[in-house]
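Using the sequences and the hints given, assemble the complete structure.
Protein chains in written order, with this note's numbering: chain A, 108 to 575; chain B, 108 to 575.
Heads up, none of these hints are tricks.
You can't tell identical chains apart in this list, so a pair holds if it fits in one copy or across any two.
With a cut-off of at most 35 Å between alpha-carbon atoms, the simulated DSBU-like pairs for lysine-lysine come out as follows:
#, residue 1, residue 2
1, Lys-304, Lys-472
2, Lys-472, Lys-461
3, Lys-304, Lys-461
These aren't lab readings, by the way, just hints derived from the structure by calculation. If you're wondering where the values come from, they're calculated on a predicted model, not measured in any experiment.
There are 2 protein chains.
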Amino acid sequence: MTTNAAPPRALIVGAGPAGALMAILLGRRGYRVDAYERRADPRQLPDADVERRSINLGLSHRGITALTRAGVIDDVMRTAVRAKGRVIHASDGRLSFQPYGSNEREILYSISRIALNRELIRHADRMENVRFHFGMRCDEVDRDAATAVFRGDDGRTERVQGDFVVGADGAYSTVRQWMHRNERADFHQEYLDWGYKELLIPAAPGGSSRIELEALHIWPRGDALIVSHPNPDGSHTATVFLPWEGPRSFATLQTETQVMRFFAEAFPDVPGLVPELAREFLGHPTGSLVATRTAPWHHRDRCVLVGDGCHAVYPFYGQGMNAGLEDCLVLDDQLGRHPADRQAAFAAYQNARKANTDALLELVKDNFDELRDTANQPTFVARKKLDLLLHRLFPERWIPLYTMVVHTTMPYAEALRRHRRQERLLRRLGVDAVLALALPALVAARRLAFRPVRGVPSAKARPPLTHA
Amino acid sequence: MTTNAAPPRALIVGAGPAGALMAILLGRRGYRVDAYERRADPRQLPDADVERRSINLGLSHRGITALTRAGVIDDVMRTAVRAKGRVIHASDGRLSFQPYGSNEREILYSISRIALNRELIRHADRMENVRFHFGMRCDEVDRDAATAVFRGDDGRTERVQGDFVVGADGAYSTVRQWMHRNERADFHQEYLDWGYKELLIPAAPGGSSRIELEALHIWPRGDALIVSHPNPDGSHTATVFLPWEGPRSFATLQTETQVMRFFAEAFPDVPGLVPELAREFLGHPTGSLVATRTAPWHHRDRCVLVGDGCHAVYPFYGQGMNAGLEDCLVLDDQLGRHPADRQAAFAAYQNARKANTDALLELVKDNFDELRDTANQPTFVARKKLDLLLHRLFPERWIPLYTMVVHTTMPYAEALRRHRRQERLLRRLGVDAVLALALPALVAARRLAFRPVRGVPSAKARPPLTHA
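Following this line, the structure appears as structure tokens:
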């Protein structure tokens, strides 16, 4: 932009992680930024509430890259818990550990969404050209004029004029709806026939964790699934995923007796971890799981979408927020490459990004089957070991899918393509057929075994793969 | 239903072909039927308008089966024109004829949407328990109460109480929107990056047709496509399909010079068929093409969707309306099978039908490529001949895809499965490789040649295949 003209004014709708990160990045570019959020200011919540009330997220390489660029990673990491792998809880109570990668840097960080959001808002709010407006719901967007109407908690409305509007307002994005109104817009929305409910596994007296702290815990049962994330206070937030209808489902778990019988059968170690399990289960709301895809992501140089606003996914790969943060980097890069043509920047952003977030939805759906079905099956475990072994033998040419998705910034679509090529190669070699038989011995011989709980692989540290 | 209770009252929203057919079928079952339509009564349009203003449809076996069941087929056929095959207009002006099937019954009927609609409404309106309300737009549906609010052309609104609501209100269905509001509903909408525009090829003086009357005409050009349907007065309604953007697109055809140069290049015989081509092209509106998929199709025993309301497709297989009429039959059958449990009937209807209309969308997308790209390529023509030859040799075991879709009532999903099996078999036999070389001679020897224009295959008549 020229030095004489006033810098463009960006209206960001939604100040969750993606919206707040966008505020930082646009603020740095010199834009005047006003970010509107319908919820209250998360900085005003008491700390205790932050941990209890917030959903937990797995922050991984893509999100870390984005937060590093924004200069907030150190503050964010202070509230994060390292998760070096998954602890699988089998039906018979046995535990096993699967590391998330082949070296110490290939790990996840469990973080509360609110804690992350607070750090991003704190950093953005320090910039003179960035202002936040909380308790302001977006009622309407004029996509050509780049004006938006916001309604405060007191019912009063305000029409605001921007140069462009950023829709960071989630899966049910108001910006998207106004942007696509009467347009030839593609839109796809599907709900999983499973819902979810959160339970708290509190810390033991004295603040120690009742289960391995530095790990995600998974209870895969095919027709039921629990995933838990650790909190810094030693507690874990467990999410129970179940079908809405059917023999074992939320529909059939209506009384305390039904709930306790179900857990005793399906998750025998959980009643010992969650006090007042039945009351908590019946008292907590059941959430639904939506996935969306859409196009276009922008309207001229006037409106653009980021994060869940243009591609919501199910939570089974821990990539929803990471992908949203990555969107912001790609959009920021394109604004830098097209300083005089914002429409070209928006178009290049969609062009660079949409195929990847479409691929992510495929990856997430596949990973749901893996998480609930196969994570504890011997062939799956052997296959994972083979993948890591091949990765160690040919570190650049063979990369396990999980590694590409979670521990690199390789575009999701490229990760999916490479994975499919690797799968075809294995099939052609007939590996699947002999896997369960021959491999465990081979792996054991090479000492690439999965450790028991509390063990962490001690591979040489290697910088994470990055692909612009 | 019992004889003592008043029969249930059905509110049908939308009185197009599917809504009007539903009125007949529900009326026959003894329901009290009120059908609301936002447009004016099509029976009041002057006949001349009906032919000029209406889009034309290809009525084929599924639609014929439905209209036969409803007892309206004879009246409908009086306004239809037989189309025994397609006339392909090549770029160099050469014409070739491809029959639609292997016998005289495997043909299409070109019919005006309004003419069809009028016949259906006339028949339905003769029933004492069926009433139509025109110029009434549906503003709101209460999915649990089965009430709907209709607004007349004078602005006055009326809330109507039914026992259930049938959404026959098209791709942008209001019933669907109210039924799915805040529900976990899947919804998919995509727009083709091509639009369409209609042109009239008038009859020659004296009322004869300027091109073969009893055929659809196709101008396949890869990046442009024209399809025309014959009208009873000797005219043809031609639909020009083009990309919205790009070198040859609606965006680049803005002046009379551009339009005339485009047609001279791409469709050299069309300027001679359409008087004032450029003025007509620039004056007529450009329509967009939407496809939708959704679930669920019903809410309890209170709301149910039919036709485009639950599955709009692009017009490239001529099946949109046929599938909508078929929906009505399936729903009517299920109401007959579950006389005391309407919710079970609705659920069985969705269950029987959705996989098939999902398959239809796949079929239509594939057929778009065929229509615009390959319909005039030698390998495609040879392949079509092989298909018909194999069908003649093994009439029950080998059925060309087009035949299954258009000339039978075999469920669409089954047609797609059988087609894929047939394709795999051919590939395994290596047929594709030798097709272009060996087959034409073989076909010629068997006299299964495609005739020049005006020829119609004189195969023995065989009743159409039907599969419940």
